[in-house]
Each structure stands twice: as structure tokens, then as C-alpha cells.
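Just so you know, the protein sequences line up as chains A and B, in that order.
Here the first sequence is numbered in numbering that gives the first Met the number 0, starting from 0 and rising by one per residue.
Here the second sequence is numbered in numbering that gives the first Met the number 0, starting from 0 and rising by one per residue.
If you're looking for bench data, these hints aren't it; they were derived computationally from the structure.
We put the CB at the ideal spot given by N, CA and C, even for glycine.
Check each hint, because a few of them may be wrong.
Stated by the list, open to error - Within a straight-line C-alpha distance of at most 25 Å, the following computed DMTMM-like cross-link-like pairs (lysine to aspartate or glutamate) qualify:
(1) LYS486/A / ASP143/A
(2) LYS136/A / ASP117/A
(3) LYS127/A / GLU46/B
(4) LYS130/B / GLU46/B
(5) LYS485/A / GLU307/A
(6) LYS136/A / GLU76/B
(7) LYS14/A / GLU380/A
(8) LYS127/A / ASP127/B
(9) LYS14/A / ASP143/A
(10) LYS26/A / GLU59/A
(11) LYS213/A / ASP127/B
(12) LYS130/B / GLU131/A
(13) LYS127/A / ASP129/B
(14) LYS130/B / ASP118/B
(15) LYS415/A / GLU402/A
(16) LYS213/A / ASP33/B
(17) LYS127/A / GLU165/B
(18) LYS26/A / GLU380/A
(19) LYS14/A / GLU418/A
(20) LYS213/A / ASP118/B
(21) LYS127/A / ASP106/A
(22) LYS486/A / ASP316/A
(23) LYS486/A / GLU309/A
(24) LYS26/A / GLU309/A
(25) LYS26/A / ASP144/A
(26) LYS136/A / ASP33/B
(27) LYS136/A / GLU44/A
As the list claims (entries may be wrong) - The following residues of chain B were derived to be distant from chain A, with all beta-carbon distances above 12 Å:
(28) ALA13
(29) VAL24
(30) GLY25
(31) ILE27
(32) GLY53
(33) ALA64
(34) LEU73
(35) GLY83
(36) THR98
(37) MET136
(38) LEU142
(39) PRO155
(40) SER178
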Amino acid sequence: MRVRAQLMMVMALDKCIGCHTCSVTCKQAWTNRNGTDYIWFNNVETKPGIGYPQQYEDQERWHGGWALDRRGRLRLRAGGRINKLLHIFANPDLPVIDDYYEPWTYDYSHLISAPLSDAPPVISARSKLTGEPTRLKWGVNWEDDLGGAHERLGQDPNIAGLEEQIRLDYENVFMFYLPRICEHCLNPSCVASCPSGALYKREEDGIVLADQNKCRGWRFCVSGCPYKKVYFNHVTGKAEKCTFCYARVEDGMPTICAETCVGRIRYIGVVLYDLDSVTAAASVPQDRLVETHRELLLDPHDPRVMSEAERGGVPFDWIEAAQRSPVYALACDLRVALPLHPEYRTMPMVWYVPPLAPVVHGLGSIGYDTEDPDAVFAAIEHMRIPIDYLANLLAAGDRGQIEEALRKQLAMRSFKRQEQLFGRGDTRTIAEAGLNPEQLEHLFRLLGLANYSERYVIPTSHREDAGALQTEHSGTDFPGNHYRDKKGRLRLRVRPE
Amino acid sequence: MSGAAWWQIFVFVAIPYVALSVFVVGHIWRYRFDRFGWTSHSSQIYESRWLRVGAPMFHLGVFLAIMGHALGILVPESLTEWLGISESEYSLVAVTGGTIAVVLVVVGLGILSLRRLADPRVRNATSDSDKFLFPLMWLVILLGMAETVGYNLLGPGYNYRPTIAEWYRGIFTFSPDVSGVTTAPILYQVHVSLAWLFIAAFPFTRLVHAWSAPVWYLTRPYVIYRRRRSTPVPVPGETRGWVTIGRR
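Pulled out of the complex, with its shape left as it was, chain A reads as follows:
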């Protein structure tokens, strides 16, 4: 058992208003350079929709992530090591720029150089790849708020196999927003796919990074990631990806996407996991993936876990942070958060609280009554967003997981409404949803109040070693006065009296 710490994010989709502030601030911070024009470490998709890049979720086509072979062993879907080397001269699964979109700019100088005329000057779009005028055909949020859904909706892989007909008529249409960043997976297929060994996972906090000095531009990370969250900088010829704003989280600040989220939908905290159990957990049958993933995240209050974590080099304040972790609470204790596409078997670490939605019919017509717990749960069946759709997205098809998460949210709302209106809530409802009073209060605080200090519990990184290095780096005495002790720490030699 090797216990390690991992930074994890949870997004409560109910609260996302689709304002793209996360995308914009992320872009300003990270991808406003040459060659990253089409790259969005954070993007917000409207679901149902085909996403960015187009249809990235269709692994029959892109062969991203992992799959079990006939003997039940975990294999990269695109093929193993020898297969990769045989295809090193041309990646068979690489999306081309049009699968994302052709980046463009505008001919701004025309605004001031146009000759005087009655009409104000108009600027035209120019391709950033060729400099030529271009017709805009697609963009990162082209299908915002179901734009073009009547043409493209059928291509959303999550719709396949849905019993219920997806209705596009105005009364019944449904949608919600899905903000996406790199999942910083426990079993990252991008890292496994990189022939150069340039991508790596940090042992201290689980952040997956690309070492651009080691990257040789083979592009297998791009095709290997089922979420298509590793990108190819087409100017430098190197891989780039979401960094979980490591420079910020090392100092205890949330990522820029989380910091600027106006809906307060994002939660960041520490979870503990066992490095040695990851592969086994990623290899279980599909219907057990979500539960196994939850079990992989260890209970930070368990004394055995705590001592193993300490033995594994997790600093004590990180263990403490894991105990106060809002993400562990949402994912494992309250069980309302779920991983995005667990069936890719990468063990993603950005989870989502599935969104509640308006019910299709008028509340009265189904007998919706805040005082009757059965009626509250009956509403789940009548929500606009089909449970199967959410199950395909967040639970590898397991309806039960979605129902549990929605039931708990509904029960919490119903209880709090009763408390507000009648002074006391009906504990039957919350008990039936599987919550005890403390959990209910915790869920309410996290989702409803969402205070900054409760949403983000991020311990700072430990720089004690760096401090020791500082002595080595700028010490004024002779290098011979330093030595390394048995644990490899740098010590100052004290002269005997």
C-alpha cells in the first residue's frame, strides 16, 4: 500500500449558468500564445451536443482511454507499445484542426485604414493558419445553448441507446452545461501513451503535466486522452495541457477557472488514494467502476489510512486537508458527485454533481407535493433531462447512481424549503434519500451556501527541501560544510567544540 495525495475537483452542474467565465480567464492565463489559439484547457459544452473537439466522446472512432481485452486485462484502446511505435510516423487516431475548429482573427487594421464612406467599415474573419479570409464553420462553443442541435444532436454519443426519444420541441427540450478541464486521472492514458515519457503525474498532488523539454511531438497523448484534453501546439510542435494552475494551488489558491466561477460551482480539495490499487480498480467490470473508484479514494479519518499516508510521505497538513475535503465529502460521503465517463477507465479526478432540472409536466399534474416524500422522488422520473442520458455521461450507464445523487439533492431542497416555510423539515424524506441530519446540513452548506473557504480546501505545497536547497544555492560558507544525512536531507556541518 502506497498512499498518495491527489487534488480533485467537483463541479455542481446545477449551478452552472454557462457564462464561460472559466474558459475566458483560463485562456487569458494559459493559452493566449502563438499556436495555442485553438486550445482551451477549460471549455464549457452544452449537453446534449457533440462537444469540443467534435464527437470526442465516441471512442469507437478515436480509440482514446483504456479498455479490457478478452482476458479482462487493461489495455490502451489504441494499442500497446509495439503498436504505437509501428504507427510513430503517422498517428492513426489524431484529430485534425477542423475537428476542433480553424482558429481565426479579424482584419482589425481595416477599421482605421478603410476609406471614408457612408457605412461604417466591416472587418472580416481571417484564418490564423493561412492568413486568408475564411468562413467560420465551427468554434469551441458553436453549439452553445443547443445552437444547431436540430442538425447535429443525433451525433452525441451519449444519446445512443436512449430508450426515450430526445425531444426537440420547445416544451420538452432539455439542456445543461458541462464545463470541462483535464481530469488529472489516477490512471492517465495520455501518460501511458506518450512514447517519450514526457507526460507525468506528480506524486505530491497528482497533477498531470507535460514536460515540454522531453516532448518530441509524437502526438499520442492527444489521441490517447479520451477527453481530448491534451493539445498539440501547432507552432512549437509540443504537447500542452491543463496544469491545474499548479503555480496557484501550490500557494493554496484555487485554479483560475474555479476562482473566477460566478456560479460557485467548483470545489477543490485533497483526496488520498492507494497507488498500488489503481490498476486493479480500473480493471473491474463496467457496472462496478463508479463504486470501485469511490473505494479507491481512502477514508482520511481511518487511522490506518492516516499512518500509511504519513509513511508514504504525505505531509500532515495534507492529511488534515483531506479530512476537511469538500470533494471527498461530495464524492464519497454524500455520494452526490460522479466521474465523467468512468467507462474510459482512466479514473478521472474531476467529478460532477448531476443537475436537477425542471420537470416536464406541470408540478400539480403529477401530484408533486413538498410534504409527500414519495411525490418528491417521483419528480425525478419526470425531469426533463433523461436519467439515462446523465447515466451515459456520468455513471457508465448506471441509472442507480444518478437517481441516488438526484434524490439526495431533491430531498435536501425539499427539507430546507419545509424548514423555511413551516419551521421544521420532514426527516422521513431525507432518511429515505439516504442522508442523516448531519450529512444533510453538510450537503446544504456545500451546495447551497458554498462559502469560499469550504469550497476550496487546498494545502500549500511543501518547500522544506527547497529551503535546504536555498542554503546550498546561496550559502556563503564553503560547500564542504554541508552534508547529507541518512534520509538524504541537506545539513549544515557543525564543528565540534
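Mind docking chain B on chain A? Use the hints.
Same frame as chain A, now just chain B:
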């Protein structure tokens, strides 16, 4: 070396040593100061369909061509004779392998070059080093084809093994016999001279990705973990040499 004119010494002795020195020092320099620029610089993201045909063909052809050159130049005639390989057997292998290599290289590079010219995105992304590299490669390849076809298939035949190959091997033993190359037909002389230019240019182009063939991938674990290391990070300005940033 008696009887060689000064310019022959320059072209066939000085230039090879300069080229080899630039090759070695250039790689060290590039690796030390421009690891960020060390990439295959693939343009597949702009255009994939033709690249997926052309690139594997070209690379396989180049491998064959390199093996053929190694066989023809580095292996002395005496060794193949000692092994009992007759002249006709040798040329059968050489001509068969050479033909396959030439077809793969020419068609592959042809596809890659046409795609680079015809696709506006790829054309626009073509760097100065590419603009130098592609024509140079074509020249070297076409000259190599021309000498083989012109002298050996259609012409009287020219055996490079006791002449050019001896001179070439002599460079590495520091005893190059210039007469081996000065007596060769002019096409051969131009071919080898441009090849030295190619070798000197190698470390400064995208060709360096050839040294990054990721063989280590076969044996390493899939997921790589890194722990914060306790080695000092070099601070720009405090290291010797210079640091390149923001290089295209």
C-alpha cells in the same frame, strides 16, 4: 594525398571534417540549449490524409537507404569477398534494395512535398529550415538516383566500393585518400559534397527527432510519476552559455 589540388583537399578533406564537427557540436549545443525546440514538428494536425500515406513510406524508404549506404560504404569489399559473396550477388541485393528504397523515398517525399506546397495550412507553417531542407534532400536523392541509373544501369558502370567508399572510411581513420573521390564521376562528387552539407545542417533542423526514436517506451512502466527532486534548478543568467526562449 600527393597530386591533389588544394581545392580538392578543401572540398574532400576539410569540408568533411568541418561538417562532422558541426554535426557533433551542433547536436550537443542543440540538446543543451534548445531542448524545447527538439521535436518532429509534425504538421499532421493541419492535414492528415496524405501525411498518413506519405510519411510512413518516406521514413521506411529512408531506413532502407541508410542501411544500403552503410552496407555499400562502411563494409569493405574485402569483407564481402572473404564472406564469399560474389559481385553479382552483392549487386543483386544492392539493386533490389535500392530500387525499393528509391520508390518509397521518392513517392513518400513526393507526397509530403506536394502536400506541403498544395495545402495552404501546411505551406504557411513551413519554416525557413524546412525551405532549406526539402530542396536539399531532393537534390541529394535525385543526384544519387542519377548516378546509379546513369553510370551503373545505362552507362559503363562505376564501382564506388574501392574508390569513394575507401575515401569515406579514410575520413574516420584520419587517412582519407582523396584520389578515391577525385577520380569518381562528377555526379558522385556533387552527391557526396551535398551530403556533407546535409550532415552539417542536420542538428539545426527538425531532423534531430531521428535521435529521439522512443525505444525506451517498450520497457518503461505505462504511468510515470515524478517527485519533486532536490536538485537545484538552473537559473537563467547563472548558467553558462545562453538560454533560448520562445523559439518557434
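Going down the list of hints, with the structure as the test:
The straight-line distance between the Cα atoms of LYS486/A and ASP143/A is roughly 55 Å, outside the 25 Å bound, and the hint therefore fails. Among the hinted pairs, LYS136/A with ASP117/A is inconsistent with the structure: their alpha-carbon atoms are about 30 Å apart, more than 25 Å. Simply put, LYS127/A and GLU46/B have alpha-carbon atoms about 15 Å apart, close enough for the 25 Å limit, and the pair holds. Between the alpha carbons of LYS130/B and GLU46/B the distance comes to roughly 18 Å, so the proposed pair stays at or under 25 Å and holds.
Using a Cα cut-off of 25 Å, the hinted pair LYS485/A and GLU307/A holds, with the two alpha carbons roughly 21 Å apart. With a CA separation close to 63 Å, the supplied pair LYS136/A and GLU76/B exceeds the 25 Å bound. Between the alpha carbons of LYS14/A and GLU380/A the distance comes to roughly 21 Å, so the proposed pair stays at or under 25 Å and holds. With a C-alpha separation of about 19 Å, the suggested pair LYS127/A and ASP127/B falls inside the 25 Å cut-off, and the hint holds.
For the given pair, LYS14/A sits about 17 Å from ASP143/A by alpha-carbon distance, which is consistent with the 25 Å threshold. With a C-alpha separation of about 30 Å, the suggested pair LYS26/A and GLU59/A falls outside the 25 Å cut-off, and the hint is violated. Straight-line distance between C-alpha atoms of LYS213/A and ASP127/B comes to about 24 Å, which keeps the hinted pair within the 25 Å bound. Note on LYS130/B and GLU131/A: the hinted pairing holds, with a Cα-Cα distance of about 21 Å set against a maximum of 25 Å.
For a cut-off of 25 Å, the pair hint linking LYS127/A to ASP129/B stands: about 20 Å separates their Cα positions. The straight-line distance between the Cα atoms of LYS130/B and ASP118/B is roughly 15 Å, inside the 25 Å bound, and the hint therefore holds. Between LYS415/A and GLU402/A the CA atoms are separated by roughly 20 Å; this keeps the pair inside 25 Å, and the hint holds. Of the supplied pair hints, the one linking LYS213/A and ASP33/B holds, its CA atoms being roughly 11 Å apart against a limit of 25 Å.
Proposed proximity of LYS127/A and GLU165/B is contradicted: the alpha carbons are some 52 Å apart, above 25 Å. For the given pair, LYS26/A sits about 39 Å from GLU380/A by alpha-carbon distance, which is inconsistent with the 25 Å threshold. Of the pairs offered as hints, the one joining LYS14/A and GLU418/A holds, with about 22 Å between alpha carbons and a cut-off of 25 Å not exceeded. The hinted pair formed by LYS213/A and ASP118/B fails the criterion: a straight-line CA distance of about 30 Å is larger than 25 Å.
With a CA separation close to 11 Å, the supplied pair LYS127/A and ASP106/A stays within the 25 Å bound. Restraint check for LYS486/A and ASP316/A: the C-alpha separation of about 21 Å stays at or below 25 Å, so the hint holds. Proximity of LYS486/A to GLU309/A is assessed by CA-CA distance (about 15 Å); at most 25 Å being required, the pair is judged to hold. For the proposed pair LYS26/A and GLU309/A, the alpha carbon gap of about 37 Å is over 25 Å, so the pair is violated.
Restraint check: the Cα-Cα separation between LYS26/A and ASP144/A comes to about 21 Å, which is no more than 25 Å; the hinted pair holds. With a CA separation close to 37 Å, the supplied pair LYS136/A and ASP33/B exceeds the 25 Å bound. Simply put, LYS136/A and GLU44/A have alpha-carbon atoms about 17 Å apart, close enough for the 25 Å limit, and the pair holds. Remark: the non-interface label on ALA13/B is consistent with the geometry, its nearest Cβ contact in chain A lying 34 Å away (cut-off 12 Å).
Consistency note on VAL24/B: stated as away from chain A, and its beta-carbon is indeed over 12 Å from all of that chain's, at 20 Å minimum. Under the 12 Å C-beta cut-off, the non-interface status given to GLY25/B relative to chain A holds; the minimum distance is some 18 Å. At roughly 16 Å, the least C-beta separation between ILE27/B and chain A is larger than 12 Å, which holds for a residue marked as non-interface. Listed as a non-interface residue, GLY53/B fails to keep its Cβ farther than 12 Å from every Cβ of chain A; the least gap is roughly 8 Å.
Annotated as non-interface, ALA64/B keeps its C-beta farther than 12 Å from every C-beta of chain A; the closest such distance is 15 Å. Annotated as non-interface, LEU73/B keeps its C-beta farther than 12 Å from every C-beta of chain A; the closest such distance is 25 Å. Annotated as non-interface, GLY83/B keeps its C-beta farther than 12 Å from every C-beta of chain A; the closest such distance is 35 Å. With a minimum CB-CB distance of about 21 Å to chain A, THR98/B clears the 12 Å threshold, and the non-interface call stands.
With a least CB separation of 16 Å from chain A, MET136/B remains clear of the 12 Å interface cut-off, as annotated. With a cut of 12 Å on Cβ distances, LEU142/B stays outside the contact zone with chain A, its closest approach being about 25 Å. No beta-carbon of chain A is positioned within 12 Å of the beta-carbon of PRO155/B; the least distance is around 39 Å. Interface exclusion of SER178/B from chain A stands, the closest Cβ pair being 41 Å apart, more than 12 Å.
The structure fails to meet hints 1, 2, 6, 10, 17, 18, 20, 24, 26, 32 from the earlier list, while all remaining hints are met.
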